[in-house]
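Colleague: Required output: the full structure, derived from the provided sequences and hints.
So the protein lines, in turn, are chains A and B.
Sequential numbering from -5 applies to the first sequence in our numbering.
Sequential numbering from -5 applies to the second sequence in our numbering.
Think of the hints as simulated: they come from the structure by calculation, not from any bench.
Please note that a few of the clues may not be correct.
[Said to hold, decoys possible] Below are the DSS-like pairs computed for lysine-lysine, each with C-alpha atoms no more than 25 Å apart in a straight line:
1) Lys137/B - Lys577/A
2) Lys18/B - Lys81/B
3) Lys407/B - Lys577/B
4) Lys137/A - Lys565/B
5) Lys577/A - Lys353/A
6) Lys107/A - Lys517/A
7) Lys137/B - Lys565/A
8) Lys577/B - Lys137/A
[Said to hold, decoys possible] Residues of chain A clear of chain B, computed beta-carbon distances all greater than 10 Å:
9) Glu3
10) Lys90
11) His104
12) Leu133
13) Glu142
14) Asp160
15) Val237
16) Glu250
17) Val253
18) Lys353
19) Pro410
20) Glu424
21) Asn526
22) Gln587
23) Gln606
By construction, the Cβ of each residue, glycine as well, lies at the ideal position given by its N, Cα and C atoms.
Number of protein chains: 2
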Amino acid sequence: MHIKLTSGEKLEISEGESILRALKRQRVYLIASCGGKGICGKCRIRLIEGDWNIKSTGKLDPTDIKSGISLACQTFPRTEITIDIPKESRLVVGDKIALSKSGDLLDLLHSFKVDIFPLVRTIELELPPPTIDDNISDLERLKRSLEEKHLLGVRFPYPFVSSMSDLLRNAGWKVTIGYTVSNDIVYVKPSVANRERYGISVDIGTTTVVVYLLNLTSGQLVDVGSTYNSQMRYGDDVINRIVFATESGGLEELRESIVTDINSLIGLLRERHDIRREEIESAVIAGNTTMTHLFWGINPASIREDPYVPPVNIFPRWRAEFSRLEINALAPVYTFPCVASYVGGDIVSGVLASQMNRKKETAIFMDIGTNGEIVIGNNEWLVTAACSAGPCFEGSGIRHGMRATEGAIESLKIDPETFEPTWTVIGNGEPLGICGSGMIDAVSEMFLTGIIDQKGKFVEGTNTKRIRNGLEGPEFLIHSRNGSDIVLTQVDIENLLRAKAAMYAGVSLLLKELSLDLDVIQKVYIAGGFGNYIDVDKAIIMGMLPDLPKDKFSFIGNASITGAYLALLSKDLRREAGMIASKMTNIELSVSQGFMEEYLSALFLPHTDINQFPTVVKRLKKKKT
Amino acid sequence: MHIKLTSGEKLEISEGESILRALKRQRVYLIASCGGKGICGKCRIRLIEGDWNIKSTGKLDPTDIKSGISLACQTFPRTEITIDIPKESRLVVGDKIALSKSGDLLDLLHSFKVDIFPLVRTIELELPPPTIDDNISDLERLKRSLEEKHLLGVRFPYPFVSSMSDLLRNAGWKVTIGYTVSNDIVYVKPSVANRERYGISVDIGTTTVVVYLLNLTSGQLVDVGSTYNSQMRYGDDVINRIVFATESGGLEELRESIVTDINSLIGLLRERHDIRREEIESAVIAGNTTMTHLFWGINPASIREDPYVPPVNIFPRWRAEFSRLEINALAPVYTFPCVASYVGGDIVSGVLASQMNRKKETAIFMDIGTNGEIVIGNNEWLVTAACSAGPCFEGSGIRHGMRATEGAIESLKIDPETFEPTWTVIGNGEPLGICGSGMIDAVSEMFLTGIIDQKGKFVEGTNTKRIRNGLEGPEFLIHSRNGSDIVLTQVDIENLLRAKAAMYAGVSLLLKELSLDLDVIQKVYIAGGFGNYIDVDKAIIMGMLPDLPKDKFSFIGNASITGAYLALLSKDLRREAGMIASKMTNIELSVSQGFMEEYLSALFLPHTDINQFPTVVKRLKKKKT
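Modeller: Set out below in structure tokens:
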């Protein structure tokens, strides 16, 4: 049997195979964060023609179902069928938004004033071919030539030697040798002028995964891939993942899950740019402590057991073959060092990208992801703490939430008279969902216009048809077209309040612990994958960010992947990352008595103690008059 | 269905499964050097009761067939059957003969005056358990403790780290750490007083494989396993193996074949002594250049291509996981260095065991195996050459040939009047076959008694019924009982003459090349697995050994495995092996014009130029008078 796509492709499908599976088998990748269990509702397709069985409709809206939307993982064709794959369901590779920042990345790299120095160094050799009089073995011949170039004590990994002889001969004994800082040989290649060299940087978030493909010579970002972390099927937060990892076979399952996500993206990137597996010669991994352990298949159990000690903070530079990454098997993999059980390599990477560790001024670094992490400090000291924020700003757990990619509503206004919303969409097309920055706008605007109250509850009697009763209680209709509604529900709003409360509580408690006043803070770096920018006013109105002057805020996006980009290209910045990690002092907020108190106070809009938000007080007063 | 063994065991067998396969599946290992193709004739069983199909009887004698002998690989039961497995068909583990030499090995080790210093060093650590105030990660904790003991720059292999945390915790943080000379961690174990430590030494011959299981603390030989190299199914000599290796999939097949042989032996040894896989913490491999490459899965093609350069002579110490040996995955594997394409690590190992490199006197070292290798030299210089002798002295290619294990006829006399043979058997039981030393005796005695002539041909008209016409022409009946005949055939004798001629030609040509007279030679070390000793007179009569006084000869048996034993136990002797390899000068006899001439002259008994054998001349004259 076949599936026809409206894009023109024709794919095969077997009896009893789900559409999701058949597409994946033929390299058409959909977002399926629950792994095809019908739970996450992300693998939406539209059925156009043919006959099929639908096992479950999951969380789909009745209107969506009416218009032919179905979950690919739950749909089994009975005949030849034709389907349409909406943009929002596709795994994103070649993200225009991300790629447009390529120049900024290079500028950033140059601003560090470091040389490009990848994980693999190279040396050109011209070996004399063996003769009856000079008949030492190939390996000794290579060793001799390396020693003549003063490269001593080289280690020859087994997989290298097992394929070395053919390579040397085919290259006519004129070769480029790649080797690591610890003198482990990575490859031997025919000497070729201007060969392109590739590497990948990976940010493993609890909710999302981003892969950068880099040109190691120019430092250019070649392409980007991103997707949801499909470990989500095992639980939203790191604690659930750790629990699952300690069950029989759980660790292996979680490891395989994240490695498959990354390898799918690598595969797509390689296909797009016609790059062979062996050509990707190094990798950098940045992730929180749990993600990093799961990626490497190391049991994270001790992370959540008193005294909260992870198996590894500083990861050796193992070879890709041990990571299962589908790149050159001998490629060195640099893993960002972790600081503590709940402050990981992604934060070290983010701080590196922010440069706060290089400056005199005291700054706050906030990473708003599934786990909220906060760093306060300057070029002399760095203190860090974690607070669990939840994945909603990354689009998960929000009915029409999505990551900040094309089609996401990234900013939003509501007319205070008519309650009609207006918005901007990333890429300027039809809106497909709403990303973090859009959510912040929406909640603040709904609060300012009185659609929701200080507790985030819908106010009864608001004069608009946009408030209606949905599957999960009241909801606000943002956009409707072709029966494809985008709404923000009561449940969504509650999730967002919990997330912002955790972040804000973290910041205020950490300042308290350090006996620092807010006005000492010269800069606030906001990191996270929630959008291209946040409207600071709105985020302050929501009570997510502290009430500071607008010019003190700096949005640095996904700082973890930016740091991973930098580390792949520079030896000095890898060293700097190590210094950042060793400098950071971790404070366990979760064991602090005050945290729950601060959190409960922050669950309001903007806060129970309104005096912490003087500009919001002013604004609300102005509105009333 | 079931197979009953006369020993009492009852095993399962499936429809259409050969007996060989069923036995192997249930860990009853037979010798099957052809891998179950019905060619080698070694997996003989006796069918007692039941009904069966026999696909082929291969080279079995009609008398054997009549008495119920069948090849296990060619026999397929139709009903429940009962069989007997003759001793000579069983894979040998726990060889009494070899084990009886255990004391000699220890004496030899002591004679070198070196300390026992295995490949893995150990250090005892008592780590402070983590607390909320001392909460560095497990790996950093371990690193810190190692650094306190002045062990810096340690490398933590991936498989070690992935299981480290549980081990540290289960051991209550009191552990023994094993690490290599290059500071790679091998294991962490709970600290236990007097733990036994194990390693294996392996001699990979073209025809036979020997595995020693050693106690690394005492230096004691714990047990021995040996079998035929089942690569034999792909050809008798290294050239055929190399050719096969260059065919598609051939290298992998040959590699898998030898690794399986070794792992079968290791498995049996582990079972017998109740040793877990992880407890075998190091290994030494000695083999000729081709065998070593095939073992490591490295393409040996260039070995037989002008200018005869092997991919590797000095093998890095890779971890067992890359060798596929079923021992501790991180165990270091020391591979004896090779000298040239046809002079390998087995010869370096043998020279090490002989100690000729430590002495002033000039000696000849002859390794009589499938490939004959010769070394001439002393503590100042060593010259070596190879000559292909063939596998007959190891029992292969000889109708009733067998290795020098229990049941082998190891010496033989023939009465010059009655032509009745008498013999001694290893282990003093019923003879099962004839080993190398027995063959030498047999050929010499048949020559002395006039049964065969100077060309090795049976002389017509000899007055004895022991000479009869067999399947392959005339043959001499050595022993007959229960229809189980042991014979030496015309073909056997021709094979033996070719083997001895190659060895002798090698020695005389190498002496010529060095312009050395035979009387310069103070010592001749004879290595090989052909028997406990050779009757020197007989070997000289046969023209295999040069005509020197008896007291100059020293039989050192399988010197390659002895050297592997020494190297597993001593760092100094591993270094000495490296020095031997780099000191040896290889001379290519095969390219020398004179070789074929010398070889053809040596095909006679004892030699065309009888003057090279003055004592034989005397003896023959005495006989005539």
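Colleague: Please verify whether Lys107/A and Lys517/A have alpha carbons no more than 25 Å apart.
Modeller: Between Lys107/A and Lys517/A the Cα gap is close to 22 Å, so the pair holds against 25 Å.
Colleague: For His104/A, which was marked as not at the interface, is the minimum beta-carbon distance to chain B over 10 Å?
Modeller: His104/A clear of chain B: closest Cβ-Cβ about 34 Å, beyond 10 Å.
Colleague: Just checking, Val253/A versus chain B, shortest CB gap more than 10 Å?
Modeller: holds (14 Å)
Colleague: Could you check that no beta carbon of chain B comes within 10 Å of the beta carbon of Val237/A?
Modeller: holds (17 Å)
Colleague: Below or equal to 25 Å on CA atoms is what counts here, so check Lys137/B against Lys577/A.
Modeller: Holds: Lys137/B and Lys577/A sit about 18 Å apart, inside 25 Å.
Colleague: What's the verdict on Lys407/B and Lys577/B, does the C-alpha distance respect the 25 Å limit or exceed it?
Modeller: The hint is violated at about 42 Å.
Colleague: For Glu424/A, which was marked as not at the interface, is the minimum beta-carbon distance to chain B over 10 Å?
Modeller: holds (47 Å)
Colleague: Taking the minimum C-beta separation from Asn526/A to chain B, is that value above 10 Å?
Modeller: It holds; Asn526/A is separated from chain B by about 36 Å at its closest Cβ, greater than 10 Å.
Colleague: Is the Cα-Cα distance between Lys577/A and Lys353/A 25 Å or less?
Modeller: holds (14 Å)
Colleague: Does Lys137/A sit within 25 Å of Lys577/B, going by the straight-line distance between their CA atoms?
Modeller: Answer holds: Lys577/B to Lys137/A is near 18 Å, not above 25 Å.
Colleague: Could you check that no beta carbon of chain B comes within 10 Å of the beta carbon of Gln606/A?
Modeller: Given that every Cβ of chain B is farther than 10 Å from that of Gln606/A, nearest at about 31 Å, it holds.
Colleague: Test the statement that Glu142/A is away from the interface with chain B: the closest C-beta pair must be farther apart than 10 Å.
Modeller: holds (17 Å)
Violated hints, in rising order: 3, 12, 14; the structure is consistent with all others.
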